[in-house]
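Novice: If you want the building blocks of each chain, they are given just below.
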Amino acid sequence: MAKHKTPLLDQLESGPWPSFVSDIKQEAASRAKNEKGIEYQIAADCPDDLLGVLEMSYTDGETHWKHGGIVGVFGYGGGVIGRYCDQPQMFPGVAHFHTVRVAQPMGMWYSSKFLNSIMDIWELRGSGLTNMHGATGDIVLLGTSTPQLEEIFWELTHNLENDLGGSGSNLRTPASCMGMSRCEYACYDAQELCYNLTQEYQDELHRPAFPYKFKFKFDGCPNGCVAAIARSDLGFLGTFKGPIKINQEVVAAYVGGEIAPNAGAHAGRDWGKFDIQKEVVDLCPSNCLTYEGGKLTMDHKECVRCMHCINTMPQALKIGDDRGVSIFCGAKAPILDGPQMGSLLVPFMEVNKDDDYQSIKDLIEGIWDWWMEEGKNRERIGETMKRLGFAALADAAGIAADPRHVQEPRHNPYIFWKAEDVEGGWDRDLAAFRKRHQR
Amino acid sequence: MAFISSGYNPDKPMENRISDIGPRHFGEYLPPVIKKNFGQWDYHEILEPGVLCHTAFSGDKAYTVRCGSARLITVSHVREICEIADKFAGGHLRFTTRNNIEFILEDKQAALDLKAYLNGQKFPGGSCKFPVGGTGASVTNIVHTQGWVHCHTPATDASGTVKATMDAVFDDFESMKLPAPVRISMACCLNMCGAVHCSDIAILGIHRKPPLIDHEYLDNLCEIPLAVSACPTGAVRPSKVEIDGKTFKTVAIKEERCMFCGNCYTMCPSLPLSDGEGDGIAIMVGGKISNRISKPAFSKVVVPFVPNEPPRWPTMTKVIKKILDTYAADANKYERLGDWATRIGWERFFEKCDLEFTSHLIDDFRDPAYYTWRQTSQFKW
Chain L
1 MAKHKTPLLD QLESGPWPSF VSDIKQEAAS RAKNEKGIEY QIAADCPDDL
51 LGVLEMSYTD GETHWKHGGI VGVFGYGGGV IGRYCDQPQM FPGVAHFHTV
101 RVAQPMGMWY SSKFLNSIMD IWELRGSGLT NMHGATGDIV LLGTSTPQLE
151 EIFWELTHNL ENDLGGSGSN LRTPASCMGM SRCEYACYDA QELCYNLTQE
201 YQDELHRPAF PYKFKFKFDG CPNGCVAAIA RSDLGFLGTF KGPIKINQEV
251 VAAYVGGEIA PNAGAHAGRD WGKFDIQKEV VDLCPSNCLT YEGGKLTMDH
301 KECVRCMHCI NTMPQALKIG DDRGVSIFCG AKAPILDGPQ MGSLLVPFME
351 VNKDDDYQSI KDLIEGIWDW WMEEGKNRER IGETMKRLGF AALADAAGIA
401 ADPRHVQEPR HNPYIFWKAE DVEGGWDRDL AAFRKRHQR
Chain W
1 MAFISSGYNP DKPMENRISD IGPRHFGEYL PPVIKKNFGQ WDYHEILEPG
51 VLCHTAFSGD KAYTVRCGSA RLITVSHVRE ICEIADKFAG GHLRFTTRNN
101 IEFILEDKQA ALDLKAYLNG QKFPGGSCKF PVGGTGASVT NIVHTQGWVH
151 CHTPATDASG TVKATMDAVF DDFESMKLPA PVRISMACCL NMCGAVHCSD
201 IAILGIHRKP PLIDHEYLDN LCEIPLAVSA CPTGAVRPSK VEIDGKTFKT
251 VAIKEERCMF CGNCYTMCPS LPLSDGEGDG IAIMVGGKIS NRISKPAFSK
301 VVVPFVPNEP PRWPTMTKVI KKILDTYAAD ANKYERLGDW ATRIGWERFF
351 EKCDLEFTSH LIDDFRDPAY YTWRQTSQFK W
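Chains L and W are the protein sequences, given in the same order.
Using this note's numbering, read the first sequence as starting at 1 and increasing by one per residue.
Using this note's numbering, read the second sequence as starting at 1 and increasing by one per residue.
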């Protein structure tokens, strides 16, 4: 028998898409039954109370969660989000219901053993509710009490050898796409770079020292599956300088209809016979492709690596050699100054594991030093860039100006010249001026 | 219940403490075929909705079966996912950035069998536990936030709006008949933890009433200067009020300047915005992240407000379905939703999607606003 009546939520049990309500009910039933004889460390009926408080929100159209307090584990300034219910008498099981962010393995690969071990901790010491995964990439464990936080951290670190993720004005948990593990488009080992930098910057991840949050994301190619260009303060997108490799025989197989275009992604509708001119050549954003006499040729110097031709004929076209990353700075959601896409800061950088990615780390640390010096409280680096100008950031990062930095040159002539830019500097002699020009 | 110690000694927190170890290395969790062919993949094919085949230069093939999840999932559900991984996929699995679950197999028939098995698993209420799909030119799973389930600033629920939307577009999750992938995202307030600012279709919770001011508690709970400086439009200023002969230090708000972003509430719990009547949803469209053909683009607001209608938000799902179906019928192959709207013209977009254009949709926030106005005589009647 359910603890609270939930007539509104019950309506979300039907329909084909997985019902979170059914799932929470199943967890509530499992905890009530407790077949394994678990000594639950927080209220066994907290999933019931979660449904109860949610039903209340569905009825009155308002949230019933309060601001977090300062809770966490000793020595860390992030990884735990305090959360309290504003109707604790009615829903005591969720009165204190803190979130624990756990660092996820890069590319979000798991063994069932590891995932079950996390669930063992969370069944005993938490609500049994999770997010797989949070928007930044963490494993999110949803709801526990303050006394359990150190216990959870101890078991995570001692038994699972795994750490918490980031929150607050920290480096947030970096995330990568699945990269080379299962993708032919990966221009560098996104997972390894993400892992390496995560380990290098553990201090920045756990102890708030920045003006505001800072996110790294690593996309293996310009398709951007982890949204590095839109969702990270410093986004790494795989790219290449060498020509796209074309296998003419396989191109002919696509043209002849032997291979489905776009890896079969459009198979659900009859789009007619594959038309390489219309579907590939004409859609190339830099018009660098020609199809003549059964041969696809590319003026590769003009290619902007949008990936369309490769995505459309993945068996015939391969990413070029001389691979590395383009680095974008300053993406963020609209709060406060409007949405920002990452701006291209470094057109190309090698990803060199042999020197432990030193050039990338030098770049990151130059950028952080500048932002920590110049950034205002709660100002994302994208906003600092807008306030102080792109050139100030590029200067701090040690990057020389390049036409690739802009879509087009500036519209106004209000150039902030510096004294050293100008012949003779800014020290001028008024007396000499007046000799030339009477008052 | 008796307290069970992990071994942690609260009197000596530093004793045997382990910290700063980061995540485990992903290499430990790769399935054998993935580990063996790491960085050596030749090409991939989508064999049918939800089933991928990756072929390595070695000739090895990895078959992936992808299924949706609610993201908000329980220990019981995760254990069931693990059981499936053990039974079918050598004890390995992964999650995608869009909250799908993937199992990797080495045999095609086994992958197809797994698809059939996953599609057969249902919750007692009738919904699918593991619907297979979300590949290619489909609507894949929705990236979303916490909403009323676990957040203090939402203007709507996340899990409920997502469930209602995915039910409405489920056919397009299970098939691949759209012109291009359609990425739907959901964020329950303007903080946009769901980063809906670059999505084909975005569901965004918004407030429409300025904050209440809890004068008697404000100075105890908040740093007034932080609340003042949190406001991007300078609407909040320090103030004093007298209540029952007692003077309280507090803030005053120029309500006509409020853009309902909620940043003051983030800094000060005595300034709640949440309101059953005021809160609801804005619909945005036309954003994208990929660099394919066209540049990454921001989402644009096309419906300024839809009321909260829990539990199923019928007005919201109707608008989304209309936009999706109109796009599906009208766009060219490979054309993303925003590229289609730009090609036909936004004036035509509103006409075709039966959406009203109101003054709320003309940007008036700072410099970028100007660049969204029309500075040409080229437009359509």
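Calculated from the structure, these hints are not laboratory results.
None of these values were measured; they are calculated from a predicted model.
Please note: incorrect hints may appear among the correct ones.
Covered stretches of chain W, going by a simulated chain L footprint (3 or more residues, C-beta under 8 Å) [what the hints assert, rightly or not]: (1) 58-70; (2) 115-127; (3) 150-159; (4) 164-173; (5) 247-255; (6) 362-369.
In silico lysine-lysine, BS3-like type, Cα no more than 25 Å apart, as pairs [claimed, not checked]: (7) K249/W with K177/W; (8) K333/W with K318/L; (9) K249/W with K273/L; (10) K295/W with K3/L; (11) K35/W with K353/L; (12) K380/W with K386/L; (13) K209/W with K66/L; (14) K295/W with K318/L; (15) K246/W with K353/L; (16) K66/L with K241/L; (17) K122/W with K33/L; (18) K66/L with K249/W; (19) K278/L with K61/W; (20) K113/L with K36/W; (21) K273/L with K177/W; (22) K87/W with K36/L; (23) K241/L with K295/W; (24) K333/W with K177/W; (25) K318/L with K61/W; (26) K61/W with K245/L; (27) K35/W with K61/W; (28) K278/L with K333/W; (29) K36/L with K122/W; (30) K35/W with K318/L; (31) K5/L with K122/W; (32) K122/W with K35/W; (33) K300/W with K352/W; (34) K333/W with K295/L; (35) K87/W with K301/L; (36) K301/L with K273/L; (37) K386/L with K352/W; (38) K87/W with K122/W; (39) K33/L with K3/L; (40) K245/L with K249/W.
Cβ atoms here follow ideal geometry from the backbone N, Cα and C, with glycine treated the same way.
Novice: Would you mind marking each hint as holding or not holding in the structure?
Specialist: So, going through the hints one by one against the coordinates:
no., hint, in the structure
1, 58-70, "holds (count 5)"
2, 115-127, "holds (count 5)"
3, 150-159, "holds (count 7)"
4, 164-173, "holds (count 5)"
5, 247-255, "violated (count 0)"
6, 362-369, "holds (count 3)"
7, K249/W with K177/W, "60 Å, violated"
8, K333/W with K318/L, "22 Å, holds"
9, K249/W with K273/L, "73 Å, violated"
10, K295/W with K3/L, "51 Å, violated"
11, K35/W with K353/L, "18 Å, holds"
12, K380/W with K386/L, "35 Å, violated"
13, K209/W with K66/L, "19 Å, holds"
14, K295/W with K318/L, "21 Å, holds"
15, K246/W with K353/L, "66 Å, violated"
16, K66/L with K241/L, "51 Å, violated"
17, K122/W with K33/L, "21 Å, holds"
18, K66/L with K249/W, "22 Å, holds"
19, K278/L with K61/W, "31 Å, violated"
20, K113/L with K36/W, "21 Å, holds"
21, K273/L with K177/W, "15 Å, holds"
22, K87/W with K36/L, "22 Å, holds"
23, K241/L with K295/W, "19 Å, holds"
24, K333/W with K177/W, "10 Å, holds"
25, K318/L with K61/W, "18 Å, holds"
26, K61/W with K245/L, "22 Å, holds"
27, K35/W with K61/W, "12 Å, holds"
28, K278/L with K333/W, "10 Å, holds"
29, K36/L with K122/W, "24 Å, holds"
30, K35/W with K318/L, "21 Å, holds"
31, K5/L with K122/W, "23 Å, holds"
32, K122/W with K35/W, "33 Å, violated"
33, K300/W with K352/W, "16 Å, holds"
34, K333/W with K295/L, "23 Å, holds"
35, K87/W with K301/L, "50 Å, violated"
36, K301/L with K273/L, "30 Å, violated"
37, K386/L with K352/W, "37 Å, violated"
38, K87/W with K122/W, "18 Å, holds"
39, K33/L with K3/L, "14 Å, holds"
40, K245/L with K249/W, "69 Å, violated"
In summary, the structure is inconsistent with hints 5, 7, 9, 10, 12, 15, 16, 19, 32, 35, 36, 37, 40 from the numbered list given earlier, while agreeing with the others.
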